[in-house]
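Undergrad: One-letter residues, chain by chain:
Protein chains: 2
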Amino acid sequence: MNLPFTLDADTVWYAIGDGSLDKSAHKLDDYPRIIILVDENTHHHCLPVLHKLVPGLENCDVILVSSGEKNKNIAQSSYIWNELTRLKAGRDHLLLNLGGGVITDSGGFAAATFKRGMRFLNIPTTLLGMVDAAIGGKTGVDFHDFKNQVGLFVDPVGVIIEPLFLKTLDQLQWQSGFSEVLKYALIMDKDLWGKVQGKHFSEIEDWGTIITKASRDKIDIVRFDAAERGVRKNLNFGHTVGHALESYFLRTHNETTHGMAIAAGMICEAWISAKIFEFDAAHLVEIVTMIDKNFERFTFDESKIPLIIELMHQDKKMRGNKLLFSLLRRLGKATHDVEVSPHLIEDSLRYYFKGEV
Amino acid sequence: MNLPFTLDADTVWYAIGDGSLDKSAHKLDDYPRIIILVDENTHHHCLPVLHKLVPGLENCDVILVSSGEKNKNIAQSSYIWNELTRLKAGRDHLLLNLGGGVITDSGGFAAATFKRGMRFLNIPTTLLGMVDAAIGGKTGVDFHDFKNQVGLFVDPVGVIIEPLFLKTLDQLQWQSGFSEVLKYALIMDKDLWGKVQGKHFSEIEDWGTIITKASRDKIDIVRFDAAERGVRKNLNFGHTVGHALESYFLRTHNETTHGMAIAAGMICEAWISAKIFEFDAAHLVEIVTMIDKNFERFTFDESKIPLIIELMHQDKKMRGNKLLFSLLRRLGKATHDVEVSPHLIEDSLRYYFKGEV
Chain R
1 MNLPFTLDAD TVWYAIGDGS LDKSAHKLDD YPRIIILVDE NTHHHCLPVL
51 HKLVPGLENC DVILVSSGEK NKNIAQSSYI WNELTRLKAG RDHLLLNLGG
101 GVITDSGGFA AATFKRGMRF LNIPTTLLGM VDAAIGGKTG VDFHDFKNQV
151 GLFVDPVGVI IEPLFLKTLD QLQWQSGFSE VLKYALIMDK DLWGKVQGKH
201 FSEIEDWGTI ITKASRDKID IVRFDAAERG VRKNLNFGHT VGHALESYFL
251 RTHNETTHGM AIAAGMICEA WISAKIFEFD AAHLVEIVTM IDKNFERFTF
301 DESKIPLIIE LMHQDKKMRG NKLLFSLLRR LGKATHDVEV SPHLIEDSLR
351 YYFKGEV
Chain B
1 MNLPFTLDAD TVWYAIGDGS LDKSAHKLDD YPRIIILVDE NTHHHCLPVL
51 HKLVPGLENC DVILVSSGEK NKNIAQSSYI WNELTRLKAG RDHLLLNLGG
101 GVITDSGGFA AATFKRGMRF LNIPTTLLGM VDAAIGGKTG VDFHDFKNQV
151 GLFVDPVGVI IEPLFLKTLD QLQWQSGFSE VLKYALIMDK DLWGKVQGKH
201 FSEIEDWGTI ITKASRDKID IVRFDAAERG VRKNLNFGHT VGHALESYFL
251 RTHNETTHGM AIAAGMICEA WISAKIFEFD AAHLVEIVTM IDKNFERFTF
301 DESKIPLIIE LMHQDKKMRG NKLLFSLLRR LGKATHDVEV SPHLIEDSLR
351 YYFKGEV
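Chains as they are written, first to last, in my numbering: chain R, 1 to 357; chain B, 1 to 357.
Any given hint might turn out to be false.
Pairs count within a copy or across copies, as identical chains cannot be separated in the list.
[Unchecked claim] With a straight-line cut-off of 30 Å between C-alpha atoms, the simulated DSSO-like cross-links for lysine-lysine are:
hint: 1; residue 1: K190; residue 2: K354
hint: 2; residue 1: K88; residue 2: K304
hint: 3; residue 1: K88; residue 2: K70
hint: 4; residue 1: K322; residue 2: K88
hint: 5; residue 1: K322; residue 2: K27
hint: 6; residue 1: K195; residue 2: K213
Quick caveat, the hints were computed from the structure, so don't treat them as lab data.
Since the structure is predicted, the reported quantities are computational estimates derived from the model, not experimental observations.
The following block holds chain R by itself, in its conformation from the complex (with noise of 0.2 Å):
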């Protein structure tokens, strides 16, 4: 076990690591109310965990929605909005986002929004929202086919990463975090990548040194840059080519993990890389082998590619007319703003659905 620590940093505190809503609960007595979001999983699994370690949120009112991604949208925000209405919350209050990334994301979108700014804390249950979705103040909810289309920067108060709430995860849930876990140690924490490499995520033992050491990369940068105006893009290494295939599997309503499209995001760029910067052979394939190891590969026809360019187009990270990638220096280093041709990424598709390492 390793200790939690916690982090005053600018407007937003942390709380992080074994014990750490234990040590941080005093925290939520600032709040006249508190109002607490769920989905059906978390209102199952760590609703009662929370009452449990904190009893006195046990009369807190609590505002149900329906997991999974394919509900992270304008009707949920509304169904949010209609609750906290009905509940005559006030500005002054705090909704507690208990859940993994579509909770925290769609929960702080609807808070920063009612009455022009109801304040949110995020409590993960999830590894892919522990290391990444709850910190950073990214929210949002998804417009049509479009990932995270209408949302703002707003930061929650507080982030509580207690690994107690893993518990309840389903191995999908444990692989789709893992995607961010292996993007940490590609991009910036080489020494992350060496506590991984080679590794099945189900052999991991000792998740609480990486969920911090994660949690740790990401707030780094977000306090560094929190409009992504510079290094804060390194985070989107894998995310171009893994978006546009996350709102292709949306549209064709295949659900997919959002870890599995990053997973194969991260192949295609970490090719792109290799091309551009022309880094070392033998790392492209350990790349790509450690990747396999955890993903499998998704198989679809090669007519889709260009279907798949177009989706990109409506990145939130295009300027003008160009993609602009975040691709990796080295295994380790990334950078951003490297524009990427068209011709590239098609070959880079290719590369991927042939299933080469």
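Starting from the known structure of chain R, arrange chain B on it as the hints suggest.
TA: Just chain B now, with coordinates in the frame of chain R:
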């Protein structure tokens, strides 16, 4: 004619007065692409004027929405997001809101939440827009019966207040905006009160001066307290009762104007002010007489008073269970966060409905 002036205030620039559009048009060159938001009225009356004054805007894409408070809702936001998506708008593009308060509120909200933040510029075309809605970063839409229940504090990049556009206004719109002019006079600007007092709005000739003074009053306040922690709350004079009346009429599908509701609210709240701060009875008469000269009173059943009080409890200015008002200490001076008992509010509504001065 008064000379236009420009003000680079922190993060927002303002160009105010006759000729201000001409003088500030070069600022539009900063954006790689501009998309213009209009309603059917400004599409017909104002867009040709804008095109004539700034020919470079003739080729910009235009998004057209329906006018009127009853259309300022999430469905309208969704329509705007949809159009921005279809037009492949990017975060670095600019949404130019050309219209009254509905356009600047709704367009500002849609832009600020599109791809987590597209920039927008306000060119108000109504008196209400020029002296109030377009300034200060309050954006949002109504939700069910609640005014601006969903929205954000977010500043436009700039505001161009060009009185030329007022030529297209009808009497109801002049009247609606005039309520806010009276508010500035009452809460902070005795000089402005001196310029309008005793007049019907149709008798005023020098609108350039009135608009410049009133918009400067608002800018001075929001620069000092953008987040509405203190003095900005003074701008809510007339609005606690006024918004509840407006919500009531939205609910009963009797459309009213914002100005008529605020005028009624100012009568009630001036009466409450006089009760609490014991200010000169002659001043209360002067205020109420002036409002009555410009606005007919609503008539409706006294039995609706409890419902109106209930609607006040959804007010964004509520804290805990208390109704906090912004009131007049005297004519030309306001204060905020004054707790008023429901009993006194009811009495003020009875005073209003009896038609007493």
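Undergrad: None of the hints should be skipped; say for each whether it holds.
TA: Checked hints:
{"no.": "1", "hint": "K190 / K354", "result": "within (29 Å within a copy, 77 Å between copies)"}
{"no.": "2", "hint": "K88 / K304", "result": "between (48 Å within a copy, 20 Å between copies)"}
{"no.": "3", "hint": "K88 / K70", "result": "both (28 Å within a copy, 23 Å between copies)"}
{"no.": "4", "hint": "K322 / K88", "result": "between (46 Å within a copy, 13 Å between copies)"}
{"no.": "5", "hint": "K322 / K27", "result": "between (45 Å within a copy, 24 Å between copies)"}
{"no.": "6", "hint": "K195 / K213", "result": "within (11 Å within a copy, 65 Å between copies)"}
Checked against the numbered hints listed earlier, the structure breaks none of them; every hint is satisfied.
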